[in-house]
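In case you want the letters, here they are:
Number of protein chains: 2
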Amino acid sequence: MVKNQFSSKYVPCLVFSILLNLLLTVNIYVGTSRLSWSSTAAAEAEAVAEIGCSGHGRAYLDGLLGEENEPVCECNTCYTGPDCSQFIPHCTANADSGDPLFLEPFWLQHSTSSALVVSGWHRMSYSFTHNTLISQQLESLIRKLHAFVGNALTRNRYIVFGAGSTQILNAAAYALSPVNTSQSPTRVVASVPYYSLYKDQVEYFNSERFKFDGDAYTWRNRSDARPSTNVIEFVTSPNNPDGQLNRAIVDGTNVKTIFDRAYYWPHFTPIPAPADEDLMVFTLSKLTGHAGSRFGWAVVKDESVFNRMVTHMQLNSIGVSRDTQLRAFKLLKAVLEEGTGIFDFAYRTMKTRWERLAATLLLSNRFSLQKFNPQYCHFYNEIRDFSPAYAWVKCEREEDKDCYAVLKAANIIGRRGNVFGSEDRYVRLSLVRSQDDFDILIHRLQKEVSEEDGARIM
Amino acid sequence: MVKNQFSSKYVPCLVFSILLNLLLTVNIYVGTSRLSWSSTAAAEAEAVAEIGCSGHGRAYLDGLLGEENEPVCECNTCYTGPDCSQFIPHCTANADSGDPLFLEPFWLQHSTSSALVVSGWHRMSYSFTHNTLISQQLESLIRKLHAFVGNALTRNRYIVFGAGSTQILNAAAYALSPVNTSQSPTRVVASVPYYSLYKDQVEYFNSERFKFDGDAYTWRNRSDARPSTNVIEFVTSPNNPDGQLNRAIVDGTNVKTIFDRAYYWPHFTPIPAPADEDLMVFTLSKLTGHAGSRFGWAVVKDESVFNRMVTHMQLNSIGVSRDTQLRAFKLLKAVLEEGTGIFDFAYRTMKTRWERLAATLLLSNRFSLQKFNPQYCHFYNEIRDFSPAYAWVKCEREEDKDCYAVLKAANIIGRRGNVFGSEDRYVRLSLVRSQDDFDILIHRLQKEVSEEDGARIM
Numbered sequence: 001m002v003k004n005q006f007s008s009k010y011v012p013c014l015v016f017s018i019l020l021n022l023l024l025t026v027n028i029y030v031g032t033s034r035l036s037w038s039s040t041a042a043a044e045a046e047a048v049a050e051i052g053c054s055g056h057g058r059a060y061l062d063g064l065l066g067e068e069n070e071p072v073c074e075c076n077t078c079y080t081g082p083d084c085s086q087f088i089p090h091c092t093a094n095a096d097s098g099d100p101l102f103l104e105p106f107w108l109q110h111s112t113s114s115a116l117v118v119s120g121w122h123r124m125s126y127s128f129t130h131n132t133l134i135s136q137q138l139e140s141l142i143r144k145l146h147a148f149v150g151n152a153l154t155r156n157r158y159i160v161f162g163a164g165s166t167q168i169l170n171a172a173a174y175a176l177s178p179v180n181t182s183q184s185p186t187r188v189v190a191s192v193p194y195y196s197l198y199k200d201q202v203e204y205f206n207s208e209r210f211k212f213d214g215d216a217y218t219w220r221n222r223s224d225a226r227p228s229t230n231v232i233e234f235v236t237s238p239n240n241p242d243g244q245l246n247r248a249i250v251d252g253t254n255v256k257t258i259f260d261r262a263y264y265w266p267h268f269t270p271i272p273a274p275a276d277e278d279l280m281v282f283t284l285s286k287l288t289g290h291a292g293s294r295f296g297w298a299v300v301k302d303e304s305v306f307n308r309m310v311t312h313m314q315l316n317s318i319g320v321s322r323d324t325q326l327r328a329f330k331l332l333k334a335v336l337e338e339g340t341g342i343f344d345f346a347y348r349t350m351k352t353r354w355e356r357l358a359a360t361l362l363l364s365n366r367f368s369l370q371k372f373n374p375q376y377c378h379f380y381n382e383i384r385d386f387s388p389a390y391a392w393v394k395c396e397r398e399e400d401k402d403c404y405a406v407l408k409a410a411n412i413i414g415r416r417g418n419v420f421g422s423e424d425r426y427v428r429l430s431l432v433r434s435q436d437d438f439d440i441l442i443h444r445l446q447k448e449v450s451e452e453d454g455a456r457i458m
Numbered sequence: 001m002v003k004n005q006f007s008s009k010y011v012p013c014l015v016f017s018i019l020l021n022l023l024l025t026v027n028i029y030v031g032t033s034r035l036s037w038s039s040t041a042a043a044e045a046e047a048v049a050e051i052g053c054s055g056h057g058r059a060y061l062d063g064l065l066g067e068e069n070e071p072v073c074e075c076n077t078c079y080t081g082p083d084c085s086q087f088i089p090h091c092t093a094n095a096d097s098g099d100p101l102f103l104e105p106f107w108l109q110h111s112t113s114s115a116l117v118v119s120g121w122h123r124m125s126y127s128f129t130h131n132t133l134i135s136q137q138l139e140s141l142i143r144k145l146h147a148f149v150g151n152a153l154t155r156n157r158y159i160v161f162g163a164g165s166t167q168i169l170n171a172a173a174y175a176l177s178p179v180n181t182s183q184s185p186t187r188v189v190a191s192v193p194y195y196s197l198y199k200d201q202v203e204y205f206n207s208e209r210f211k212f213d214g215d216a217y218t219w220r221n222r223s224d225a226r227p228s229t230n231v232i233e234f235v236t237s238p239n240n241p242d243g244q245l246n247r248a249i250v251d252g253t254n255v256k257t258i259f260d261r262a263y264y265w266p267h268f269t270p271i272p273a274p275a276d277e278d279l280m281v282f283t284l285s286k287l288t289g290h291a292g293s294r295f296g297w298a299v300v301k302d303e304s305v306f307n308r309m310v311t312h313m314q315l316n317s318i319g320v321s322r323d324t325q326l327r328a329f330k331l332l333k334a335v336l337e338e339g340t341g342i343f344d345f346a347y348r349t350m351k352t353r354w355e356r357l358a359a360t361l362l363l364s365n366r367f368s369l370q371k372f373n374p375q376y377c378h379f380y381n382e383i384r385d386f387s388p389a390y391a392w393v394k395c396e397r398e399e400d401k402d403c404y405a406v407l408k409a410a411n412i413i414g415r416r417g418n419v420f421g422s423e424d425r426y427v428r429l430s431l432v433r434s435q436d437d438f439d440i441l442i443h444r445l446q447k448e449v450s451e452e453d454g455a456r457i458m
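Protein chains in written order, with full-length UniProt numbering: chain V, 1 to 458; chain B, 1 to 458.
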């Protein structure tokens with residue numbers, strides 16, 4: 001009887017165990033673990049993601065390799081060591097380029113919705129169905145996004161893709177300058193301070209069709225500026241470097257305007273109304289932070305301008321990499337799924353950075369910041385402060401004519417005013433870089449201000 | 001006792017069942033099924049890959065959507081229906097562009113080694129560590145690949161990346177033409193028949209630095225061609241359209257040569273020796289078949305030329321998309337892991353296509369093909385036939401001056417001779433497209449030849 005009692009205890013255990021086996025088997029063969037060709041790559045990517053770099057660096061699939069050919073940490077500028085935990089003392093604060101790594105933590109938090117798996121045979125062809133160079137699905141997401149944010153009208157307009165706004169801006173300049181070179185070349189202008197790429201590109205490509213002619217204000221007031229001259233004005237709004245919502249300066253029948261709207265997103269500026277210009281340029285870089293993906297787009301009213309831009313993309317690079325288009329598709333899908341999520345995150349980050357910067361310079365008589373009047377933002381339905389990507393710092397002392405040198409002496413690298421066609425009394429400091437870069441910048445500025453003769457006392 | 005015997009039978013079952021429980025649990029938590037953030041994306045990609053399109057189409061993650069927003073088949077040109085199984089009668093054979101889909105089956109067979117998982121935070125920055133725009137790991141793979149194939153010397157040379165050879169070719173033209181525009185512009189030439197992009201790009205970008213001047217032979221024999229004139233010669237070897245191993249035509253102290261080596265891989269041509277020119281251009285498109293990825297590179301001897309090309313990439317697009325660089329890295333890693341695999345596959349495919357084409361036109365008095373003398377190939381260590389990407393078809397009849405029109409009447413779209421600076425008595429037929437496109441081309445040609453008056457009788 002003892003034996004019998006014992007065996008009857010086994011029965012529910014066995015039943016449970018068998019059921020568990022069934023469940024686990026179903027989990028393996030029906031759940032996500034059913035994966036076949038993608039599982040090795042997925043495991044590899046997750047293993048690289050798990051390499052700890054102390055929050056001051058990152059390992060990548062195509063990254064630097066260690067002694068045993070394993071990916072190792074690539075450390076942020078001021079950190080070193082195998083896990084990037086060692087701070088490099090007296091390290092220079094880098095506030096130069098607009099590398100938008102302030103958004104990296106958002107994507108670390110949204111790893112599932114933004115992960116992408118690419119098959120070896122994905123879109124090998126030059127063209128998409130219907131013989132275009134652009135993904136219709138991505139185009140449709142971009143239209144949805146503008147409608148959601150309310151920062152640009154896209155209805156009845158064309159959309160063209162490029163390798164970042166960089167390639168798009170050049171395509172727009174070519175598309176808007178007449179081909180007939182018997183006319184005098186189109187004059188390209190931008191109001192000071194302007195984003196230097198406009199000048200650099202026009203001068204580098206050196207086309208007979210256009211010449212760079214400097215400041216838009218100066219051009220407008222020139223006595224020899226005839227109304228028959230073809231002009232292209234670049235209007236950056238919000239402006240790079242100073243964050244102002246610039247408007248066009250030059251007008252006339254032969255004036256075309258390219259609106260660079262790279263920073264027209266609610267984390268940098270209030271959105272007073274959807275932009276409604278003939279040619280507007282946007283980029284993923286300042287929206288999601290993926291500068292490295294090189295993806296931008298233009299929203300274009302005129303069909304012939306659009307067609308000329310498409311030709312430009314064809315002859316320059318046969319369109320934008322399909323890999324990049326797929327990545328942009330996945331990222332923008334994740335953005336839209338999160339509602340206001342990315343804008344809330346980015347605004348919070350930028351606002352906090354501006355508050356820390358303003359608090360630091362509040363004590364200074366030597367450095368001043370650009371000023372803004374808060375405006376109504378239709379995205380957030382409230383009056384909002386500006387929190388632009390860059391601080392446009394002025395050295396106030398008479399003798400500090402070279403503000404870049406002043407900051408450099410304080411171990412801070414900014415970008416000098418004359419790069420933007422302005423005086424060297426100004427320096428642009430990038431506020432969109434990694435948290436490490438920003439923290440070091442603030443630390444260096446605090447030190448400099450605290451040592452300032454005659455700094456205001458709190 | 002009966003009950004007791006029954007219960008003792010349970011014991012091994014229970015032990016086995018518990019062991020199985022443990023094994024399955026370990027499988028789930030330690031095996032590939034341990035995946036976290038990548039598993040949803042992986043399942044999604046595998047689901048799309050499983051959509052059946054009868055081998056005449058494909059569904060993509062960013063592809064066309066059905067009524068319930070699910071990805072649907074995108075059919076090859078001559079097929080239709082929900083699963084692409086319906087052939088469209090009287091469909092035109094497309095032999096126009098060099099869309100290299102002949103390599104797609106290779107990647108379907110190597111799905112595991114070529115799969116790629118990209119995290120949402122992958123390489124968001126503008127630059128790689130050490131402030132470059134190019135992945136060192138990818139550069140090192142490219143050097144390994146050239147060493148393995150023996151088609152180019154890369155030691156002590158620089159490598160620059162571009163958006164396909166398209167962007168690289170333009171960068172090279174800018175880099176090799178003097179900036180000083182007080183000199184007369186650099187003359188750009190190429191021997192007929194030439195790849196039309198050289199002309200199209202130079203004319204489109206319309207720089208004061210260079211002008212297109214047509215055929216290299218004609219230029220060499222011109223009485224006004226002074227040795228002091230700056231000249232750039234594009235040499236395509238193997239040539240597009242005719243597959244010949246072209247050499248430079250023009251020489252002189254002020255002559256620079258750009259070697260377009262896009263087709264210098266053992267599946268298209270015997271490799272007599274590694275290429276050893278000052279500036280050589282390659283592209284992923286004609287190596288792995290990933291035209292859509294837009295990835296190319298140049299191998300450059302001179303440091304200052306390399307630096308100018310890097311500046312070009314910076315101003316044109318701030319380098320090549322990091323997503324594309326990661327994809328190219330994964331694909332080239334898979335290529336190298338397979339040894340001669342991809343070249344064997346690609347050569348077999350091209351050779352079979354050439355045999356079918358030659359057999360079809362053997363009966364014809366109307367159409368002829370370019371001729372080749374087999375050469376020693378150092379990659380395969382044997383004498384080999386050419387199996388180039390394109391057939392350069394000549395219409396032999398006196399009255400068939402417009403060979404493109406003759407083929408068009410036969411429902412075949414090629415590319416007309418004058419696009420390559422040649423006579424319209426020639427047409428280029430692309431042989432690297434999908435198997436469907438090739439099969440339809442052969443079918444149309446067979447029909448045309450069989451109806452030919454005076455076709456040779458077998």
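The set of hints was computed from the structure by calculation and includes no laboratory data. Keep in mind the model is a prediction, meaning the values are calculated, not measured. Be aware that a few hints might be false.
You can't tell identical chains apart in this list, so a pair holds if it fits in one copy or across any two.
As the list claims (entries may be wrong) - Restricting the straight-line Cα-Cα distance to at most 20 Å, the calculated cross-link-like pairs of lysine to any residue (SDA-like) are:
#	residue 1	residue 2
1	Lys-371	Ser-304
2	Lys-394	Tyr-376
3	Lys-351	Asn-131
4	Lys-211	Ser-182
5	Lys-333	Leu-64
6	Lys-333	Pro-71
7	Lys-408	Arg-308
8	Lys-256	Arg-348
9	Lys-333	Leu-65
10	Lys-211	Asn-180
11	Lys-371	Gln-183
12	Lys-144	Asn-69
13	Lys-211	Gln-183
14	Lys-351	Ser-54
15	Lys-333	Ala-275
16	Lys-144	Pro-71
17	Lys-144	Thr-311
18	Lys-256	Cys-53
19	Lys-301	Glu-44
20	Lys-401	Glu-452
21	Lys-371	Gly-339
22	Lys-447	Arg-143
(request) Hints the structure violates: just list their numbers, smallest first. (result) Hint check: 1, 2, 3, 7, 8, 11, 14, 15, 17, 18, 19, 21 and 22 fail, others pass.
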